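Enquirer: One letter stands for each residue in the lines below.
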Amino acid sequence: MSENQIRDEAQEPSSAVSDKRPVGALIVSAVLLVFGVFALQQAASMKIIGDSMPGPDFFPYVIGVLLLLTAVLLSLQWFRSSAEDHPQESRTTMDWISLGGAVASFVGFILLLEPLGWLICASALFWFMSFSLGGKKHLSNAAIAVLFAAITQIIFSMGLGINLPAGILGGLS
Amino acid sequence: MEQLVNLIGGFAGALTPMNLLLLFIGALLGTAVGVLPGLGSSMAVALLLPVTFSMDPTGALIMFAGVYYGGLFGDSISGILLNTPGSATAIAGSFEGHRMALDGRAAKALATSALGAFTGGLLATTVVVFTSPYIVKLASMFGPAEYFALAIFAFVAISWVVAESFLKGIASLAIGLLIALIGVDSVSGTVRMTMDVPHLFDGIDIIVVTVGLLALGEVFYRASRRRTVNGRNSIIASGRPWLNRKEIRQALPAWLRGTAMGLPFGAIPAGGAEVPSFLAYSTEKKLAERRKDAFFGTRGAIQGVAGPEAAGNATAGSAMGALLAIGLPTSATAAIMLAAFRQYGMQPGPLLFDRSADLVWTLFASLFLGLFVLLALNLPFAPLWAKLLKIPTHLLYAGIAVLAAVGVYAIGGSVVDLLLLLGLGLLGLMMRRFDLPLAPVLIGVILGPMAETELRRSVSVAEGNLLFFVSSPVTIILYSVLIIGALVLAGIRLRNRTVLKREIKTVSTAAAAEDEVSR
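Chains X and E are the protein sequences, given in the same order. According to my numbering, the first sequence is numbered sequentially starting from 1. According to my numbering, the second sequence is numbered sequentially starting from 1.
Simulated from the structure, these hints should not be mistaken for lab results. The structure displayed is predicted, hence computed values, not measured ones. Where is the CB? At the ideal position from N, CA and C, for every residue including glycine. Wrong hints could be hidden among the right ones.
To be verified - Simulated DEER-style distance windows between Cβ atoms:
{"#": "1", "chain 1": "X", "residue 1": "23", "chain 2": "E", "residue 2": "195", "range": "27 to 35 Å"}
{"#": "2", "chain 1": "E", "residue 1": "9", "chain 2": "X", "residue 2": "26", "range": "51 to 59 Å"}
{"#": "3", "chain 1": "E", "residue 1": "479", "chain 2": "X", "residue 2": "73", "range": "22 to 30 Å"}
{"#": "4", "chain 1": "X", "residue 1": "24", "chain 2": "E", "residue 2": "376", "range": "41 to 49 Å"}
{"#": "5", "chain 1": "E", "residue 1": "3", "chain 2": "X", "residue 2": "85", "range": "48 to 56 Å"}
{"#": "6", "chain 1": "X", "residue 1": "155", "chain 2": "E", "residue 2": "143", "range": "28 to 36 Å"}
{"#": "7", "chain 1": "E", "residue 1": "479", "chain 2": "X", "residue 2": "76", "range": "25 to 33 Å"}
{"#": "8", "chain 1": "X", "residue 1": "48", "chain 2": "E", "residue 2": "343", "range": "41 to 49 Å"}
What the hints assert, rightly or not - Derived pair list, reagent style BS3-like, types lysine-lysine, alpha-carbon separation capped at 27 Å:
{"#": "9", "chain 1": "E", "residue 1": "387", "chain 2": "X", "residue 2": "137"}
{"#": "10", "chain 1": "E", "residue 1": "246", "chain 2": "X", "residue 2": "136"}
{"#": "11", "chain 1": "E", "residue 1": "246", "chain 2": "E", "residue 2": "286"}
{"#": "12", "chain 1": "E", "residue 1": "292", "chain 2": "E", "residue 2": "246"}
{"#": "13", "chain 1": "X", "residue 1": "137", "chain 2": "E", "residue 2": "390"}
{"#": "14", "chain 1": "X", "residue 1": "136", "chain 2": "E", "residue 2": "292"}
In isolation and in its complexed conformation, chain E is listed as follows (with noise of 0.2 Å):
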């Protein structure tokens, strides 16, 4: 019960009124930004950063919390109402909730989307904040190999998940670890890759990669096919919002399922929300076709935006857990933060819950009211959030520009980082277009020089014995669940991959039969 006592201590800490406001406002840039078509969460916190920079960690913490939460909300608005899901794992909830708003229930999708995302997030923040002392505990016995074996790991769960084939994750991590070796070395002080540029001895910051891959180069590839590519007119958020009692009865159990199953894969280093969140939309579907459901797959059915949305969430609550207690981000957006800690001079992991534990339970505690905050944000308000669909593109990408211009200024205001943002952003925008996937780089820049320093010191450490690598029950736990879930997850995205190509077809045709018959 230490625990409840800490996330009590938490709440007095969170609950003042600079951080409530920080956090107010960091719900509203995170829905807002995920909204927008094409941003997603990972943009929201990549843009936000900069302007951290002044703020004292508490606060800032607060504020990435309650944007991080945000985007998630705010991705399945956009994927409901224009069929454009902001991030992977808000696909497969819009399959469902884009048929149910073209059957004029969008209100009640968005709702049922915003409930289940809180369902997803309370249930998982509570499962992190009571078993982070046993999670923590575990951490501590990690030596170097331990570390280099999950440094591995993740390398290779966010290679095999987040893309289309292996191959190109891999090629995505690799320039992700060549832009991290770039700097001073921390082990022996060698200069390494710097071409004598002095700007460089300090490496390339995060930061422009983070806005450079993912803010500039999002707006490159918008220019690249401003021309070829047309955009879908968004639909108009009617009905009303509020679930009558039978609706909640289909949706609550459907809710508790996705959270069930989301919850395990935020807390192993698996890479995004991806996987859950279709495994809980096959899982609803396998139901309806049971109940012999007509809505499923028609005119849009509550189970099928509850299930993974619900799933999503409770992804991103473990992944939290998994990024406090280990250090380990497991998604572009988690990467990102693990940034934010660093830059504030913390590192994540068994430590943190030592040396900055009031720090900490007022995060967890913030992932709580943010949750809260963002309910309130988006159960009446989804329609008027709907209304942030109508800014230009033209407008939207220009300000981006902007901004991505500024916050990577604002780092040492050295023309410089502007270049580096340039050049990034032309990389970003290949990725993009040959369907290079981008967490990969984020995690190979983060987690790349772990690797690197665990690994040479277990060579010391070992004398040259190359078994030390698997000595410990840790590392081969780690090792064979990598192994395993190799295969069960190759299995799992075959199956997905046609589940997500029939599903895309039905829906666009039924969208070009609905725009057929509004003209």
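Pulled out of the complex, with its shape left as it was, chain X reads as follows (with noise of 0.2 Å):
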């Protein structure tokens, strides 16, 4: 680590927690509640093959039933809950900013892969993510990047034998 960054960091304030109960832990509840609802109607909507007891569809109620029961349980727990009993973790303020970089890295890799190709792909995601989480001198890490693409790209095609997409670079080689 950098003499710049451990000052950066020093700057930056230490923890920020809050001391209300986390409305965002309703949303494990609300996840559950979704998971429950599509396993029921999955389950009622299936077209059983064969007529064994229990069916394909037994496990499927079942489950759903338990997800629905935790997601009711969970947000009760969460209704008669104070403060104090959440985690520190779930209190602390979400970095939205950074997070989004992340995810949004993902996501533009996932759609670029194909057309793209793997060289170009890995070093972007690479790159991209190194920035949402706070990299700061952005050539060297772009070097850094192309290397670790081009060295998986070696390792899973030429040691393991797996295709990555080469996309446009394709052409090239």
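Take the two lone chains and join them into the complex the hints point to.
Expert: Shown next as structure tokens:
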């Protein structure tokens, strides 16, 4: 870690912990609810083959009910909790910009992988990811990114015989 | 003495230059990933799984053995130097370890931890080797009802032990079971939960699930708290790593006590080594109070590192026995290794010892060899490993993101897998932030299909008689151990939680005071 970065980090707030109940924790219940409804809906609309008892839809029903049950109980628990009942991690302020950058670089990678090829996309993923996570030395990071992408390409396609998309660079080699 | 002959045969199989090289690489990679802050041995195994696709099973499993133990050694290094243990198992050891490091005895703490891990692992593996034929004999009496009981046992145990709250553990487990349902049902051939996406007919690959939840989830989690939470600067390992005779005399009984505590916990599927390592820590603390040890809790006592570290690795060793002999994964890492076995068309359990005896004994032999390799890598070079802690976070996690992507793309060359990876990464972020444990998801994905198949089989055998599920001694024992174990563990957890809270408070105050002084 360079001198620059150490100073940089020292200036940043040490930690921002809210003393309120994390409203976001209800997302967990919401996700479980969606999963549960999905399981039940899929179980009900299943085209069942054979007539065994219990059939292939039995487990989906059980798990769907289990998911709904945990969703309800977890939200009840949330409403009865105080801020201290929640661990500090879930009360820390979210860094939406950094997270957004990280997720966006991965989405971009998925969309462009097959048209552009592994070398370009993996280098870009590395660089954008390190940028979103606070990398400052953009030029040397770019060099590391290309090197890293090239090494993975060599190990996986030459060493292990797995085809990674060549993309637009494919015509050159 | 048949085991001894088998084991010697195993050594003959393991001691080829290629296998030794793989073991060495595995140990190196495992330690490296374990040392890196925030990454544990399960992440090392998850990222390595795709790489071993094109290897022969023996070589791949030998490499896993190296990674498995290497990760455990590495977890403790970052715990001692940075107070950021890579896994729950390393937490108990880093209390006294970090205090010793703050006191300028970092190298000694690392040596104590490495030797403790070695002792625990060695004794546990020996016990596993000599008891495995009996476990196998027991497991060969298992029918559908017993396997179903075993799966239920694993589900409840893992949700109960790993999670802060039982409810959150069950929620994680249910998510895992749901993921396992996707694809064509193996009993009837019915297509389930695929929403007519042809790619999903084979189900979601376990590699996508592990890499998504463990690796990409961690990258997103780091990003989500980059500017709101500060990392602490590392302590440079200082002092000589060698222990003198007096220190060995202090540490040896603690290593043995820790091993004795860790061993039984790996053999019963109680999920992870968190409980035994805390148990060892509390024991050492009590003993220190009795002999009025002034170092314990202030400058750091050697016994406080030795006990928990030995306990952690002893559990890891006997967990390996449980995985091989019964086919029951007791932690996230073991679950991923089970997936690796299945990749090669092998099902751990009694039949494995019959059908692939060579492989099993080679694997046992390489577990022993792995421990020696790791001791050689860790005892003299611990300060060098600590240099890995200087890799800037942004480069580290960018690298992990690229490795996650290449690993998942390598499975089937499909963008659908990458989309699933992204979704699971976001799920992993949510679970980390709101304290949902990850291990139950993996256990659910891996044991879910077995539980379902055995349940349906039992019902058709029983012809509607529900008592069939508790009709054999094995099932009765399993269900009653579950109930008794639940009660005992609830008690231990309650005590550990208070210990944990108090310790975190005192260690962080000590560290803060140290920071003040160094400025």
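Enquirer: Against this structure, judge whether each hint is valid.
Expert: Status of the hints after comparison with the structure:
A beta carbon spacing of about 31 Å between residue 23 of chain X and residue 195 of chain E agrees with the range 27 to 35 Å that was offered as a hint. The hinted range of 51 to 59 Å is satisfied by residue 9 of chain E and residue 26 of chain X, whose Cβ atoms lie roughly 58 Å apart. Taking the beta carbon of each, residue 479 of chain E and residue 73 of chain X are about 24 Å apart, inside 22 to 30 Å as hinted. The hint said 41 to 49 Å for the Cβ distance between residue 24 of chain X and residue 376 of chain E, and at roughly 47 Å that hint holds.
Taken as a hint, the range 48 to 56 Å holds for the pair residue 3 of chain E and residue 85 of chain X, whose Cβ atoms sit roughly 50 Å apart. For residue 155 of chain X and residue 143 of chain E, the Cβ-Cβ distance of about 45 Å falls outside the hinted range of 28 to 36 Å, so the restraint is violated. A beta carbon spacing of about 29 Å between residue 479 of chain E and residue 76 of chain X agrees with the range 25 to 33 Å that was offered as a hint. Remark: the range hint 41 to 49 Å for residue 48 of chain X to residue 343 of chain E is contradicted by a beta-carbon distance near 30 Å.
Among the hinted pairs, residue 387 of chain E with residue 137 of chain X is consistent with the structure: their alpha-carbon atoms are about 21 Å apart, no more than 27 Å. Proposed proximity of residue 246 of chain E and residue 136 of chain X is contradicted: the alpha carbons are some 49 Å apart, above 27 Å. In summary, the hint linking residue 246 of chain E to residue 286 of chain E is supported, as the alpha carbons are separated by about 21 Å, within the 27 Å threshold. Restraint check: the Cα-Cα separation between residue 292 of chain E and residue 246 of chain E comes to about 17 Å, which is no more than 27 Å; the hinted pair holds.
Simply put, residue 137 of chain X and residue 390 of chain E have alpha-carbon atoms about 16 Å apart, close enough for the 27 Å limit, and the pair holds. For the hint pairing residue 136 of chain X with residue 292 of chain E, the CA-to-CA distance comes to about 51 Å; that exceeds 27 Å, so the pair is violated.
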